[in-house]
Structures are given as C-alpha cells and as structure tokens.
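Visitor: Chain by chain, the residues:
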Amino acid sequence: MKQPARYDVADRAPRTLSDFLLRWETILVAMLVLVVIGNTAISPYFLDIYNLSDATFNFSEKAIIALGMALLILVRDIDLSVAAIIALASLAMGLAADAGAGTPLLILIGLSVGAVCGAFNGFLVARIGLPSIVVTIGTMSLFRGIAQVVLGDQAITKYPAAFQTLGQGYLVRWPPIPYSFALFLLLAVIFAFVLHRTTLGRKFYAMGNNPVAAQFSGIQVDKIRFWLFVLTGTLAGVAAVLLTARIGSTRPNIALGWELEVITAVILGGVSIAGGSGTIPGVVLAVFILGLATFGLSLINVPGIVISVLLGLLLIASIAVPIVVRRLMKKKPA
Amino acid sequence: MTKTTRRQTLQLLTAGAFAGMAPGLLSTTTLAATPIRIAMVVKALGIGFFDACRDGGLEAAKELGDCELIYTGPTKTTAEEQIAVIDALIAQKVDAIAISANDNTALVPVCKKALERGIKVISFDSGVAPEGRIMNLDPSNAQLIGQKCVQMMAKTLNNEGEVAILSATSQATNQNTWIEFMKTEWAKPEYAKMTLVSTVYGDDVADKSYRETEGLIKAFPNLKGIIAPTSVGIVAAAKAVVDLGLVGKVYVSGLGLPSEMKGAVDAGATETFAIWNPIDLGYSATMIAGRLVRGEATGQAGTTVNAGRMGDIAIGENNNAAMADPFTFDKSNIEQFAKIF
Chain H
1163 MKQPARYDVA DRAPRTLSDF LLRWETILVA MLVLVVIGNT AISPYFLDIY
1213 NLSDATFNFS EKAIIALGMA LLILVRDIDL SVAAIIALAS LAMGLAADAG
1263 AGTPLLILIG LSVGAVCGAF NGFLVARIGL PSIVVTIGTM SLFRGIAQVV
1313 LGDQAITKYP AAFQTLGQGY LVRWPPIPYS FALFLLLAVI FAFVLHRTTL
1363 GRKFYAMGNN PVAAQFSGIQ VDKIRFWLFV LTGTLAGVAA VLLTARIGST
1413 RPNIALGWEL EVITAVILGG VSIAGGSGTI PGVVLAVFIL GLATFGLSLI
1463 NVPGIVISVL LGLLLIASIA VPIVVRRLMK KKPA
Chain A
16 MTKTTRRQTL QLLTAGAFAG MAPGLLSTTT LAATPIRIAM VVKALGIGFF
66 DACRDGGLEA AKELGDCELI YTGPTKTTAE EQIAVIDALI AQKVDAIAIS
116 ANDNTALVPV CKKALERGIK VISFDSGVAP EGRIMNLDPS NAQLIGQKCV
166 QMMAKTLNNE GEVAILSATS QATNQNTWIE FMKTEWAKPE YAKMTLVSTV
216 YGDDVADKSY RETEGLIKAF PNLKGIIAPT SVGIVAAAKA VVDLGLVGKV
266 YVSGLGLPSE MKGAVDAGAT ETFAIWNPID LGYSATMIAG RLVRGEATGQ
316 AGTTVNAGRM GDIAIGENNN AAMADPFTFD KSNIEQFAKI F
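Each protein sequence line maps, in turn, to chains H and A. The numbering used here numbers the first residue of the first sequence as 1163 and each following residue consecutively. The numbering used here numbers the first residue of the second sequence as 16 and each following residue consecutively.
The hints are simulated quantities; they were obtained by calculation from the structure and are not laboratory data. Only a predicted model underlies this, so the values are computations on that prediction, with no experimental measurement involved. C-beta: ideal position from N, C-alpha, C; glycine also. Wrong hints could be hidden among the right ones.
Here are the simulated distance ranges between beta carbons [stated by the list, open to error]:
hint : chain 1 : residue 1 : chain 2 : residue 2 : range
1    : A       : 226       : H       : 1212      : 55 to 63 angstroms
2    : A       : 345       : H       : 1304      : 45 to 53 angstroms
3    : H       : 1187      : A       : 49        : 35 to 43 angstroms
4    : A       : 234       : H       : 1315      : 42 to 50 angstroms
5    : A       : 191       : H       : 1304      : 31 to 39 angstroms
6    : A       : 145       : H       : 1360      : 36 to 44 angstroms
7    : H       : 1472      : A       : 326       : 40 to 48 angstroms
8    : A       : 145       : H       : 1483      : 47 to 55 angstroms
9    : A       : 327       : H       : 1335      : 43 to 51 angstroms
10   : A       : 199       : H       : 1344      : 55 to 63 angstroms
Model the full structure from these sequences, guided by the hints.
Guide: Below, the structure is given as structure tokens:
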C-alpha cells in the first residue's frame, strides 16, 4: 500500500491546473470570496469600512493566538490552555492595575504570565515527555481555576485609560485599522516568513512529518517544542493584553471557549491535525472566513447558537469535500 | 507633480462628499417608511428567563406599532461575546438597544459607540455603568421588595402570629437592605399582632438553611411563618416544613424561582412567594426603548416614562428606574411560570 501524500517529498511545487485548483489556499480564497459575496447580498451593512473595522476587533485577538497554534499543531502538538492563559494573564494585570501599575508594566506582566504559563506547558510536554493534549487539558483547568478562586464572582475593572486605548484605539484613522488588527497582520507576515523562508521553518515541517527522523537529523526537537509552547503562551499573553484593554474588565470567564475557536481557524486553514502540513496564508484566510462569516450572519441576527452550528458544518465540509474530490479523481484513470 | 496630487485630492474629496451624502439622502427618505427596530440583547440565548423577556418584548413591539423586535444574545455569558453582538447591531444601525449586561464595565466602550451613533441604549435586569446607557431599568427596588415580603406573609397569616426571617449570609448587602425595609414596613400598626421573633442566616447553602429552619421550629414552638428573601433559603425552608410534617401550621414565603418553588406550593408549605416577572420586564424595557426612539421620553432623572400597561415609571438618581413591586406567585400561576424560569 502506498502511503498518503504527507510522506511524499516533492522536489518542486505542483504545476498542474488541478493541483493548483485543489490547493487548500485556493479553496479558501474561493470560500472567502463566497462569504464576502454572500454577506454583501444578504445585508446592506456588510461592505462598510467602519463596520468591517469594528468586526476585526472581535477576531484579531483569537487570530494572533492562531498563528502560534498553527506552528504547534504543525509539529504534532496542541495547546488547549490558551484561553485559560488569557484568564490568568488578565487576572495578573488586574491585580497589578489595582496596585497602581502603569501601562508599560501591565503589558510586561501580561506577556510574562503568558510566557511562564507556556513554559510550564512546554516543560511538562518536552522535558517530562507527557502528551500535550493531556498536559494542556490539565493546565486549562489549572490556569482558569486560579482565576476563579481569586476572583470568585467579582470583576476587576480599574484599568488606566492609556492602557484601554491599546484595545480600543486605531493605529491608522483612515482606513480605520485598530492596533489589534495591525499587530495581527504584522505577526502574520513574520510567521509566514519564518515558516516558509527559513531553515527553522523547514525544521518545523520535518518535525511534524517525522519527529524521530528529525531528531536523528540533528534537529533539537524537544527544545523547539518547548519554545513553541512558550511562544504560543506569549501570544496568548498578547491576546490577554489586547482583550483586557478592549473590555477594561477581568472576569473569571474571560475568553471562555476561545481555544476551540482558535483551533477551528487553524484546522480550517489547512494545518493537518496529524502534523507536517499547513501554511500561514491558509490560517490567515481561515481567520478571515470565520470572522467575516460570523459577522455577516450576526448582521442578519442569526442567533449565535445557529452560527456555531453553521461554522461546524463549514469546517467538516471544507475538510471532507477536497478528500472526496481527490478520491473521485484518483479513481478515474484506473 | 504637486499640482496634480492636489487636484486629485480635491477630486477625491468632492467624490467622497457626494458618496457621503448619498446614504444620508437615502436614509432620510426611507426613514419614514421603515419601522423602528429595537434590539433586546440578553446575557445568553437559551435561558428561560430571557425567553420570557422576549415574549414581553414582542407584546410591547406590537403595542408600539410599526416596531420590529430583534431578540439576540451570545451563546456564552461572556462580555466579549456580547460586545460582538452589539457591534453587529451598531453596524445594522438599529434604533435602540435594550441590554442585560454580562459585565457592567466591559460593555461601556461599545455602548458608548452605539450612543455616539445615535442609538438609544438602555439596560435592564443587569445594568450597564451610567456612562454607557441612557437609563437603567431594575425589575424592582429594595423598598418594594421589603414591603412585598411582609405583605405576603401578613395576608397568609391574617396579620397574626410569630414570624422569623431566614436570610442568606449576615453580610449579604441585598438581603440586609431588604430586611431593613421589611422592618420599616413591619412597624406599621396593622402588623401589631404579627411579631418578628428572630433572624437567622442560612448562608445561601441549602443544607445550612435547612438546619437553621429546623432550629427555628424547635426554638419557637408557636412559629407560624418564615420569610426567606433568598431563592436558596426559601426552597430549603419549605422542604424542612414538609419533612417535619408542619404543612398548614408553618408557612414559608419570600423570594424564589417558580421552577424551584413549584413543589413547595403544590405541597402547601408555601401559599405565596414573589420574584420579578420576566414578561413584564421585557415588556417594559422594550416599551421604554420605543418611547426614547420616538422622543416621547428623555430617560433623564426626575422625569417619568410611560411603559404601557405597567404605567408611568419614575426615573431616579443616575437615571435608574424600578419597574414595579415583585410579582406574586401562587397556586393559580405557578404551573405556567415554573416552565419559564
């Protein structure tokens, strides 16, 4: 039996038209176009620069975490604790703000707590050798649990105005680009460059395709895994800073359920859950598809519960359809 | 080079001005024809209490006439999801938003944005901080709740007999305020033969409330009534009365949820109890939002707003208003409301 394509190493990029059409990114672009056309058709309020700018506020933070998550899933790991890290980082910032900390210190605290949480995950996974899914299910309860114990049913709401500008302000007034969205775009470019244009990026793919072979090729697999957890934790810290600044409030249920939304974006973006394949442009496209589809549906007041159902179907369909098409095409020549 | 750029800029500006005017012209012409759109944003969808608010809202929309009610909310009771919902409503340029907030501070920026764009924002049930809304509608207020608790018990006991209070914790701000107002009401002459013998604290823990009730019954053999202004305490007290076989001898009243109190009412341990009526609350909130949109009320402190069948509601300090005294539940309506919340 021939192994799936994951293990074929092509010596050049695919050239045929069908290969190009079946490339995940091409399908995602088509989906994005469909989403935009569909939304424009159903709501007169969709294609409005201010409305679209407002919409980016609601997905930029998740999108930033998705970049780190994409790399983790690419190397066969996963971090389910990202939303809980946000809760813990937000709590730390809240306590610091209560004690009178200024904006730079608050940012530093948010990022540090994220990094430390990520390092804790990374230590358990890469050094102790525990499966990442088990470790991060545990730390998901642990990190959010701490926030729940400390906060109870209270909220911390005293943040300096300068800090809140980070989450609510705009980098450019026209076209209106919020800080969070600008930061996401910048990070996306950096991540795409590292993954697709550097040897480090090649190492990630090698690790995802075959960690043992990667290890024997001299790649420091565990060290890279550890640092990827730190990176994802730090990005969750970034998201915590932006979200806390945006809503100016810390509650134990902050960012509840975000880990699944982030993972949905990564998977829809074409990163294989088995590791070894996927691209940053794919993830970015998926982020836009999910963000704009959600926004468009809420413009016609589709209840959130129904939106979740539709996005779930979209995810399953987008994964199933190309596989089915490929099978059909393979059968034909025979 | 500079000239062309400038000319281009000018052209762009003029084009922009026309483009900017066009929607304005459009909306003024269509405004008269389109009905007003009021959005009711709840803490989360799928909660019986809020579905009942929606039913009241639909009733109000019909009464207002030419009014569409958009009932919406997030799937999880988080502030950030509610913000996304409000962003979508702002984008649709709805006329008014009535919201039950998941976080009174976190929603302020987005509510301010809505206000800046001319949307009338009010909060109900769970308020938004004053800077983020025009006014806030509470289902009731402490004085009305305190009075209601005493009145219900007095009616059951015909103004006669020993009564005790079973509260939540001794530091609970809500309950302590209500108890203060109960005592004020109690001072009236008609309650002279109804005496308050003790106040105990069940800490809003079912088990402790149950034991405190047993203790009360042992300590005061002539006890006729227990007022529990807490939804946990009232259920536990009623259960203790049933378990000790004292139905008909000791009556339990206070504040509770119909779904949890149905058993107690059916068993006869409770004749009446009260809580706010979500249908009335949704009705009033929608009605008030409609009045604000049509300019028939300002929502400012010191004024009143007409909320249809709920009458004129006075607006007090910080533009806070209380809808009515709590709604009474008994055998006649418990069946209907137990299904709702």
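Visitor: Hint by hint, note whether the structure agrees.
Guide: Against the structure, the hints:
Remark: the range hint 55 to 63 angstroms for residue 226(A) to residue 1212(H) is upheld by a beta-carbon distance near 59 angstroms. For residue 345(A) and residue 1304(H), the Cβ-Cβ distance of about 48 angstroms falls inside the hinted range of 45 to 53 angstroms, so the restraint holds. Separated by about 42 angstroms at the C-beta atoms, residue 1187(H) and residue 49(A) satisfy the suggested range of 35 to 43 angstroms. Separated by about 33 angstroms at the C-beta atoms, residue 234(A) and residue 1315(H) break the suggested range of 42 to 50 angstroms.
Checked against the given bound of 31 to 39 angstroms, the beta carbons of residue 191(A) and residue 1304(H), roughly 36 angstroms apart, stay inside it. For residue 145(A) and residue 1360(H), the hinted distance range of 36 to 44 angstroms is not satisfied, since their beta carbons lie about 53 angstroms from each other. As the Cβ distance of residue 1472(H) to residue 326(A) is approximately 43 angstroms, the hint placing it in 40 to 48 angstroms holds. The hinted range of 47 to 55 angstroms is satisfied by residue 145(A) and residue 1483(H), whose Cβ atoms lie roughly 51 angstroms apart.
Between residue 327(A) and residue 1335(H) the Cβ separation comes to about 45 angstroms, which falls inside the hinted range of 43 to 51 angstroms. Taking the beta carbon of each, residue 199(A) and residue 1344(H) are about 58 angstroms apart, inside 55 to 63 angstroms as hinted.
The structure is inconsistent with the numbered hints 4 and 6, although it conforms to all the rest.
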